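Make the full structure from the sequences, and use the hints.
Residue numbers (the working numbering), protein chains in the order written: chain R, 257 to 593; chain Y, 257 to 593; chain D, 257 to 593.
The hints are simulated quantities; they were obtained by calculation from the structure and are not laboratory data.
Mixed in with the good hints there might be a few duds.
Pairs involving identical chains hold if they fit within one copy or between any two copies, as the list cannot separate such chains.
No farther apart than 30 angstroms at their CA atoms in a straight line, the calculated lysine-lysine pairs in the DSSO-like style are these [said to hold, decoys possible]:
1. K293 - K576
2. K293 - K404
3. K342 - K424
4. K342 - K434
5. K342 - K453
6. K404 - K342
7. K576 - K342
8. K453 - K520
9. K342 - K403
Predicted, not measured: the structure shown is a model, and the values here were computed from it.
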Amino acid sequence: MNFLGSHILSISQFDKNDVKELFRVADEMQPYAQREKHTRVLDGAILGNLFFEPSTRTRVSFGCAFNLLGGQVRETTDIKASAITKGESLYDTARVISGYSDVIAMRHPVAGSVEEFSRASRVPVINAGDGPSEHPSQALLDLYTIKKELNIEDDFDGIRIAMVGDLKYGRTVHSLCKLLNLYSNITFTLISPNELKMPEEIVEELRKSGHEVIETEDMESGLENNDTVYLTRIQEERFEDRNEADIYRGRFRLNQSIYTSHCKPNTVIMHPLPRDSRAEANELDNDLNQHPNLAIFRQTDNGVLIRMALFVLTLGVQDKVHESSVEVKWYTEKRFK
Amino acid sequence: MNFLGSHILSISQFDKNDVKELFRVADEMQPYAQREKHTRVLDGAILGNLFFEPSTRTRVSFGCAFNLLGGQVRETTDIKASAITKGESLYDTARVISGYSDVIAMRHPVAGSVEEFSRASRVPVINAGDGPSEHPSQALLDLYTIKKELNIEDDFDGIRIAMVGDLKYGRTVHSLCKLLNLYSNITFTLISPNELKMPEEIVEELRKSGHEVIETEDMESGLENNDTVYLTRIQEERFEDRNEADIYRGRFRLNQSIYTSHCKPNTVIMHPLPRDSRAEANELDNDLNQHPNLAIFRQTDNGVLIRMALFVLTLGVQDKVHESSVEVKWYTEKRFK
Amino acid sequence: MNFLGSHILSISQFDKNDVKELFRVADEMQPYAQREKHTRVLDGAILGNLFFEPSTRTRVSFGCAFNLLGGQVRETTDIKASAITKGESLYDTARVISGYSDVIAMRHPVAGSVEEFSRASRVPVINAGDGPSEHPSQALLDLYTIKKELNIEDDFDGIRIAMVGDLKYGRTVHSLCKLLNLYSNITFTLISPNELKMPEEIVEELRKSGHEVIETEDMESGLENNDTVYLTRIQEERFEDRNEADIYRGRFRLNQSIYTSHCKPNTVIMHPLPRDSRAEANELDNDLNQHPNLAIFRQTDNGVLIRMALFVLTLGVQDKVHESSVEVKWYTEKRFK
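Right, here's the structure in full:
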């Protein structure tokens with residue numbers, strides 16, 4: 257893929273070299289995200305942060321990433337109440353809003369709508385989640401987290417990952433599978449209620465590529481011998497009958513005692529967040545909050561790096577970030593401790 | 257008018273020289289809006305972007321214009337849920353919020369409320385629409401678009417414009433008529449259902465000034481021989497009985513075939529947006545989207561220039577914009593193509 | 257208190273020296289707030305402005321203060337609609353959002369929640385109001401206003417203040433009492449309906465410290481001989497039965513005629529705003545709007561200075577504000593007149 261001026265709509269756009277380039281740029285963003293210095297490379301640029309459904313974390317992460325590059329953010333979260341209800345097409349919205357922006361991050365509840373929007377946009381559009389479909393920056397930050405946690409150079413061949421929970425509706429595990437499918441010889445252990453299994457076509461695709469896929473309802477055996485265990489929340493908002501979600505909530509839980517008994521030492525613990533910490537759910541227990549291998553907050557920190565890298569590459573400023581850097585003047589000592 | 261420090265509440269404040277000055281400054285904003293360079297002239301200034309009712313396009317356009325001049329935007333869209341419900345007067349809101357801002361753009365559903373607010377404000381207030389009443393920057397961007405599309409130097413005398421649709425409730429056509437009334441010898445062809453005719457007092461005023469006004473329910477003959485045709489949406493939200501709006505929706509439509517049959521070549525097509533693209537409305541068909549004379553998205557782009565010019569003039573920085581300019585470092589090639 | 261890197265959760269953290277230091281820095285912020293110059297000392301820093309309930313004034317004041325120091329603001333007002341409803345804990349929200357921010361201002365309807373959030377935050381958190389509990393920057397701006405209005409050097413000993421209205425639910429008067437309790441020999445005249453008296457434990461504490469406390473239902477005698485009279489709105493949203501609030505609304509009112517008859521000349525008039533200007537309430541009449549001792553809008557202006565000072569001190573840039581200052585280029589003449 258040539259990143260320059262491109263829309264980022266789907267992880268299927270990425271090959272191994274694209275991922276490598278993106279992760280290299282993300283690494284270079286680290287001193288800026290950690291406030292060791294600040295860059296003004298995007299001074300004067302405007303991000304149109306366009307959220308047709310609420311997602312605080314993703315919205316703020318994109319906005320923060322753009323600010324860290326020196327750009328400004330114009331945000332829209334009330335769009336449902338506005339022109340759309342007066343019959344405006346996505347085509348018109350895209351033509352108009354792209355006239356106000358240098359790049360757009362967009363979330364929409366309907367699959368395919370970000371792609372439809374992007375066809376009419378005059379600036380690059382980054383898909384920040386279109387309903388049950390795609391959320392490429394999430395899959396990329398997950399893979400980037402695996403790379404950093406496992407100290408992987410460039411190549412994810414041979415890693416072992418368990419995915420736990422709602423594998424049917426969990427968009428992030430679908431995307432991560434597709435991204436890992438770029439590499440070779442990975443072992444996927446898919447732990448879920450039978451009714452919430454990973455979609456058959458994804459499993460087929462992984463197997464066709466020669467990966468080992470184990471599907472099980474038995475969490476304890478499934479947890480054995482992985483490098484990473486990736487937990488998910490029951491996606492109650494995607495169930496037709498929300499009461500049905502109650503049946504599965506709380507069925508698979510990771511806590512300190514299960515981790516110690518069943519995971520090999522240093523197994524990385526991931527979760528796309530939000531995790532459901534209500535007593536009846538609690539798929540990832542708070543008693544692991546101080547565990548050094550709990551990577552969930554490093555994941556969200558990595559999201560900023562990945563989004564900075566996407567902006568840098570689509571706007572073509574990778575060679576100018578450092579020359580535009582200035583000193584950080586405020587106290588940051590406790591920042592990332 | 258002396259722009260410096262003034263409130264911009266109504267197009268009735270403008271004479272021909274004011275319009276000329278504003279458009280001259282808007283022209284100078286072009287390289288900044290097109291990201292050929294960036295200016296920091298308003299570095300440190302704060303726009304209070306105060307929307308008491310939602311309007312994504314207008315809100316983002318004002319915010320974008322201010323960012324392009326190097327300023328910051330503090331936005332309020334949730335104000336109904338806040339102090340106002342605790343009995344706060346517009347006077348108090350204005351005294352307080354104007355202490356946080358260097359200039360304010362304000363939209364409010366009630367006619368006259370922006371003017372009331374401005375009397376208590378300590379900084380210039382730009383009316384971004386007060387209900388059915390005024391929306392001066394829209395009328396100015398419409399006129400500026402006519403100037404640019406028809407390649408007019410300074411003088412709109414003798415042009416021919418058709419206005420189509422809901423001319424009773426359409427605030428933008430009222431304001432545009434008043435603004436065009438500054439010039440001489442214009443031909444207005446007003447095409448609307450009898451029940452949605454242009455208010456009598458506006459028609460009278462135009463005729464008194466010597467303009468020709470033709471009112472008709474026959475779209476096909478009305479479209480003949482104009483320089484510009486300005487379409488409008490049925491303003492269903494202003495009808496007392498919304499079902500009544502259904503009667504008129506879809507009655508007057510412009511599409512490729514009607515345009516070719518009835519408009520003279522190069523007739524400029526305008527619309528204040530949003531256009532209603534639902535099948536039952538569709539007052540301006542998508543089959544004209546690629547037409548070179550469709551100016552509707554150039555209109556919204558021009559809105560940024562006009563709003564930049566309003567900020568520049570009320571804040572008195574017209575002589576400092578260029579000396580504060582810096583290089584744009586990111587990829588912009590496809591930007592306004 | 258060592259401000260550097262600290263959370264600002266409660267006025268009980270402050271001793272007299274802290275207040276003195278804060279007010280000294282606030283004084284230094286004056287030329288920036290009045291747009292005599294602009295500072296970029298926080299260029300690159302991000303404020304996470306996190307409002308779990310709406311409060312336009314406080315939200316914009318914090319955002320404005322941060323912008324005036326050169327920083328960027330990422331705002332969240334829709335958080336209820338988001339991850340929290342999916343069962344996310346405050347701990348998780350804090351870990352995540354603090355990764356996107358350099359400092360956080362947070363309002364929440366539940367007492368104690370800001371403190372809970374701060375324990376998990378990786379950056380300083382400033383309490384912008386947690387329900388009926390604390391709102392330290394409000395108490396500080398109130399005291400700072402008293403200092404400036406009464407031309408006090410450092411010491412509030414011996415001043416006389418009347419507090420009027422809903423002293424039971426009014427969070428701001430509670431906090432101001434606690435803050436004034438740092439000083440000596442103050443006379444508090446507490447004017448309220450018997451049912452809405454200042455909580456007994458606060459009165460006890462003041463008396464224990466040797467202050468004189470007069471409680472009365474008689475406004476006219478209570479107003480006599482004060483330096484400052486501090487009015488409050490009936491906090492109807494805190495009543496279990498909102499109809500009960502109607503009984504007390506409008507019972508104690510200050511207007512021109514009462515002021516002239518009962519207050520000594522130059523008594524400073526304060527109110528935390530919003531004031532309820534509906535006819536049935538009107539605790540502070542609009543006929544005093546032009547009165548030179550009406551300090552209510554200077555109070556909100558002072559709020560910006562106090563919040564700038566809190567950011568400067570917690571982020572440790574007090575020695576760098578001036579060296580980062582740049583010229584203000586736009587017209588500001590009528591700004592604070």
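Hint by hint, here is what the structure shows:
no., hint, verdict
1, K293 - K576, "both (14 angstroms within a copy, 16 angstroms between copies)"
2, K293 - K404, "within (22 angstroms within a copy, 38 angstroms between copies)"
3, K342 - K424, "between (35 angstroms within a copy, 18 angstroms between copies)"
4, K342 - K434, "between (38 angstroms within a copy, 26 angstroms between copies)"
5, K342 - K453, "between (40 angstroms within a copy, 21 angstroms between copies)"
6, K404 - K342, "between (47 angstroms within a copy, 28 angstroms between copies)"
7, K576 - K342, "neither (43 angstroms within a copy, 40 angstroms between copies)"
8, K453 - K520, "within (24 angstroms within a copy, 62 angstroms between copies)"
9, K342 - K403, "between (46 angstroms within a copy, 29 angstroms between copies)"
Hint compliance for this structure: hint 7 is the single one not met.
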